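Chain residues, written in single-letter form:
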Amino acid sequence: AQTVTQSQPEMSVQEAETVTLSCTYDTSESDYYLFWYKQPPSRQMILVIRQEAYKQQNATENRFSVNFQKAAKSFSLKISDSQLGDAAMYFCAYRTPYSGGGADGLTFGKGTHLIIQP
Amino acid sequence: DAGVIQSPRHEVTEMGQEVTLRCKPISGHNSLFWYRQTMMRGLELLIYFNNNVPIDDSGMPEDRFSAKMPNASFSTLKIQPSEPRDSAVYFCASSPGGTNSPLHFGNGTRLTVT
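So the protein lines, in turn, are chains A and B. 71 is the number that the working numbering gives to position 71 of the first sequence; each next residue is one higher, with no gaps. 36 is the number that the working numbering gives to position 36 of the second sequence; each next residue is one higher, with no gaps.
Keep in mind that the hints were calculated from the coordinates and are not lab data. The reader is advised that the hints may include incorrect statements.
[As the list claims (entries may be wrong)] One side only, chain A facing chain B, incomplete, derived with CB under 7 angstroms:
(1) 33
(2) 35
(3) 44
(4) 45
(5) 47
(6) 105
(7) 106
(8) 108
(9) 110
The structure displayed is predicted, hence computed values, not measured ones. Backbone N, C-alpha and C fix where the C-beta goes; we use that ideal spot for every residue, glycine too.
Could you put the whole structure together from the sequences, leaning on the hints where they help?
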């Protein structure tokens with residue numbers, strides 16, 4: 001079974017600074033998909049960014065970018081120019097290609113609580 | 001696009017009562033997922049459907065939990081009888097075909113069983 005580990009329960013960063021959230025995963029598959037979701041206090045789950053394992057280029061969405069190291073099974077999220085609205089729980093998630101025999105859906109890490117200091 | 005719609009947003013009930021949570025997925029999405037979120041266990045996949053058919057319910061904790069998807073636009077998660085340890089936030093999510101797609105989540109139902 002796949003597992004996703006987020007080793008930082010909480011991170012704090014000054015507004016306008018850069019912060020990196022860590023994520024590692026364990027899988028025996030070669031093709032899969034990785035996601036970062038944000039959950040603000042409203043508890044809504046918001047997609048931040050996604051990465052296909054077969055793509056070597058790191059995904060970028062405005063101030064959010066990832067550092068995907070497939071051999072190391074690492075998928076970190078970098079937030080540049082942190083803003084107060086970035087304060088939330090951040091979840092790393094893994095999705096396997098659908099094989100027709102089950103095992104779909106996202107496997108989530110336990111999350112990192114990001115605090116933005118004004 | 002209204003997104004995934006869940007109801008109710010909050011539910012408070014007494015132990016032993018039946019609870020039904022409802023979900024309307026995004027139109028055109030053929031996969032639907034039910035998740036449970038607690039502080040202790042994080043986000044857990046309970047069950048998912050593909051084209052209205054339950055594919056994997058291995059995450060359903062006990063026989064007290066059941067889920068149905070009678071058509072492509074509606075699903076329910078039922079707990080009968082409810083227990084205090086069922087208190088959690090329950091999310092419904094949907095996804096279009098293809099596992100390179102992200103899941104789109106509803107706003108969740110916060111269930112409190114007293």
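We went through each hint and held it up to the structure:
The beta carbon of residue 33 (chain A) comes within 5 angstroms of a beta carbon in chain B, closer than 7 angstroms, and the hint placing it at the interface holds. A distance limit of 7 angstroms between C-beta atoms decides the matter here; for residue 35 (chain A) the minimum to chain B is near 6 angstroms, and the interface restraint holds. For residue 44 (chain A), the interface hint holds, the least distance from its beta-carbon to any beta-carbon of chain B being 6 angstroms, beneath 7 angstroms. Because the closest C-beta pair between residue 45 (chain A) and chain B is about 4 angstroms apart, less than 7 angstroms, the hint holds.
At its closest, the beta carbon of residue 47 (chain A) sits 5 angstroms from a beta carbon of chain B; the interface hint therefore holds under the 7 angstroms criterion. Against a cut-off of 7 angstroms between C-beta atoms, the interface hint on residue 105 (chain A) holds, since the closest Cβ of chain B lies about 5 angstroms away. With a least beta-carbon distance of about 6 angstroms to chain B, the hint placing residue 106 (chain A) at the interface is held under the 7 angstroms criterion. Evaluation of the residue 108 (chain A) hint against chain B yields a held restraint, the C-beta minimum of about 4 angstroms falling below 7 angstroms.
At its closest, the beta carbon of residue 110 (chain A) sits 5 angstroms from a beta carbon of chain B; the interface hint therefore holds under the 7 angstroms criterion.
The structure is consistent with each of the numbered hints, conforming to all of them.
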